[in-house]
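*Asks:* Protein chains in written order, with the working numbering: chain A, 1 to 492; chain L, 1 to 492.
These aren't lab readings, by the way, just hints derived from the structure by calculation.
Hints are supplied without guarantee of correctness; some may be wrong.
Copies of the same chain are indistinguishable here, so a pair counts whether it falls within one copy or spans any two.
[Said to hold, decoys possible] Only pairs whose alpha carbons sit at most 30 Å apart, straight line, appear in this in silico BS3-like list of lysine-lysine:
#, residue 1, residue 2
1, K28, K373
2, K347, K419
3, K446, K330
4, K347, K430
5, K347, K14
6, K430, K419
7, K426, K347
2 protein chains.
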Amino acid sequence: MAEKIRRPQAQTPKGFRDYFGAEVTERKAMLDKIAGVYHLYGFDPLETSAVETVEALGKFLPDVDRPNEGVFAWQDEDADWLALRYDLTAPLARVAAQYRNDLPSPYRRYAMGPVWRNEKPGPGRFRQFYQCDADTVGTASVAADAEICAMLSDALEIVGIPRGDYVVKVNNRKVLNGVMEVAGVLDPNDPTKFEAERGIVLRAIDKIDRLGDEGVRALLGEGRKDESGDFTKGAGLSAEQAEVVMGFTTARRDTGAATVARLRELVGGSTLGAEGVAELETIAELLDRQGYGPDRILLDPGVVRGLGYYTGPVFEAELTFEILDEKGRKRQFGSVAGGGRYDGLVKRFTGQDVPATGVSIGVDRLLAALRAKGRGMADTTGPVVVTVMDRERMADYMAMVGELRQAGIRAELYLGNPKNFGNQLKYADKRQSPVAVIQGGNEAEKGSVILKDLILGAKIAAGASLEEWKSRPAQVEISRADLVAEVRKMLS
Amino acid sequence: MAEKIRRPQAQTPKGFRDYFGAEVTERKAMLDKIAGVYHLYGFDPLETSAVETVEALGKFLPDVDRPNEGVFAWQDEDADWLALRYDLTAPLARVAAQYRNDLPSPYRRYAMGPVWRNEKPGPGRFRQFYQCDADTVGTASVAADAEICAMLSDALEIVGIPRGDYVVKVNNRKVLNGVMEVAGVLDPNDPTKFEAERGIVLRAIDKIDRLGDEGVRALLGEGRKDESGDFTKGAGLSAEQAEVVMGFTTARRDTGAATVARLRELVGGSTLGAEGVAELETIAELLDRQGYGPDRILLDPGVVRGLGYYTGPVFEAELTFEILDEKGRKRQFGSVAGGGRYDGLVKRFTGQDVPATGVSIGVDRLLAALRAKGRGMADTTGPVVVTVMDRERMADYMAMVGELRQAGIRAELYLGNPKNFGNQLKYADKRQSPVAVIQGGNEAEKGSVILKDLILGAKIAAGASLEEWKSRPAQVEISRADLVAEVRKMLS
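Here chain A stands alone, though its shape is the one from the complex (with noise of 0.2 Å):
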């Protein structure tokens, strides 16, 4: 019976990716710690579903430059519209709302898990991606913010970063607010007023570190054409406005207490800088006092942040060591964290002010960082192959897989066709295995096992020279009595 069939492509869809082996336990063993670490600072996990209705959702999006079809979305049967969460800070705010009556408060959670964006993949960027989450939702206090500084400092250190490799940034925009306000780019009493100029000016600020500070004084003033030849609009403010910004981002000085000090004159009489100044005032007191100095926590007023929601303080977690760029270049790493308070994701659901900070790692760039610093390396070693000689002696040979997998030795017996014994090795290499265990049948008659050491390649591989291969024997014929005892032996 002739047929033509039009079979499936078996791709991943565009923009997805798939997680092999140490890819996954990688990323796992970093969540692991860091859950640790949220743990000891009291915060619960939480998992939400996937799905979210797009109304609780909501139309906006964090970042306010994107349109607003980023997230996947059907209709249900209900004629509901549902999507996939496209951040956990959403759903979280959901949370806070459907189980006000329940929760603690302040409410303490953590939450790991993918995210789903709808938006034209690119190289390194992907549909699907991990987020890992620490919020603290029901509190105005600054503590909360000084503490999520500290549990984000002491969760870099013990994935592997090494203290002086990073450093916590914080600054708050109450600040920024206040220095537009002296910019007069903000009028304190319609804040509508000057949105979208103060939109720019946030969004030229955040970009100093590639734009320069000429670059951003274009974008305050009159806009800026890129290499490209673009040009992209600016806040259109005069050059004594622009100053008065481009002061706020030099702000930073040698102590919390002298970049304090700064921060008050150019704040000068709006209130609401006096206020976010006397807020950083307190952060870096009360982290003073928990031992997190400016070597691990810092105020920078060079931090705003993209998004639109913060309203109080913001933090910025940045690795200061450098790596090679796609070009050879040598430059800092760069930010693996941030985050800051907002308060209005869940009045949205309630109408009531519900205060709430947090922070977002990008798991991603910290598991790059971790391999770029030659750690957070899952032990890659494969399990010792068992391989078939003689497919009537299954038994014998599975024998030997349950010993030593009830010693707690990764094994395996060889499942494939056994015809072709170099395939048998060609199996146990691409497995990373370390010992081939042989049995064939005079070894069977004399009860001995022949143990290949297969650790000796990759590490001549590695560049161990062969002189060490000389030393140490290839194969050894050992009795079937002692398989356990022997292939530990090689391990070790």
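Fit chain L to the supplied structure of chain A, relying on the hints for placement.
*Replies:* Positioned in the frame of chain A, the structure of chain L alone reads:
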């Protein structure tokens, strides 16, 4: 400015749920232990994306009784249909085809994660739930099936199901097909004949625990009317044909060898049936040599598994201890895991036969079993709560929390409004806190701190007598310098 705002509903979408605190950590602890067993057996983790093309998932759902619309799907901008995965097997088949030149062969992988079903939600029936699978792709050897059974047995024991409280039952579809051949509902020369009848037979046998012999006999014959009066059409077998099939369901004997002998009688001259019996014999022998006797893994012809795609050995893990059902009646806990050999899934993509076998553990069922046995419960002790008597001294309190955390003691600063001290103790209670730390102005002057023992309340609630309460001071005043040591003492 008066405005009427329509607020979004703070609601989990229908059929979805959120997991809080211990619900998350208990599941994670269980899955971590299972992953440890899978790792020991040489299985590698695989995490595929939650989203697949509908084409790759295929139109069929695992249970053929259900409609095709059982997935959450939407159309991409490129007009591709995407969907959330409904199990972990379909993505594995896609991966095995997509990466067939890179993966080791055979490929042993495990996967743990949520899957989504677009079905009517019901009590205890959710539209997102966890699966935990292990599969071996690329080997026809029944040693792979035996290995999966052994691994399942180990996994159940490691999470806390003691030997004797579970049994892994093994059967073989080929044996059942041999019996069908003898009964005259399978024509080896035209396997498409009687397909509908065989489907009914399969599902009837699968329900024997619930319907009993008579119910199954009715479904094999003309059909069955249930308590509600609904009529289910039967397979239309004659009494003689039905008798042959019923003989199969009761073929289990005390030893594997006796069961094999009985099955050999039943399949008579069927080639396929004889092949299936020989496979069962080999599986029993392989397991026996590894020490997995019938107290753990058992041949049982009563197990058929509902899914249509199995082609050879099938297995099911049942918990044999009794629990009380919702009506207070004793019943066996029942199935918590199942699987078997399936050969068609990868072929869909490549056209090549790729034999595979695997098991899926019902994560929620197994968790429920552990809870029923009083095992697998997470430590639900909350954090030590440092209260706030004087909001001017937040830095002092935060320093205490910092010291406790430095010492590895889970601790929190109370971050709500500190005005009402009763609320702080209520909060500590809600957090299941073991110790509250209190320092008012008096204590601060003296350099002391008060520790309030909150464990006792919980202990009394759990049945401890008031005598114990009396022998134990409810609170102690200690030196501030001894904070960590004294808290540790109270916790021990």
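*Asks:* Where does the structure disagree with the numbered hints, that is, which hint numbers, in rising order?
*Replies:* Failing hint: just 3.
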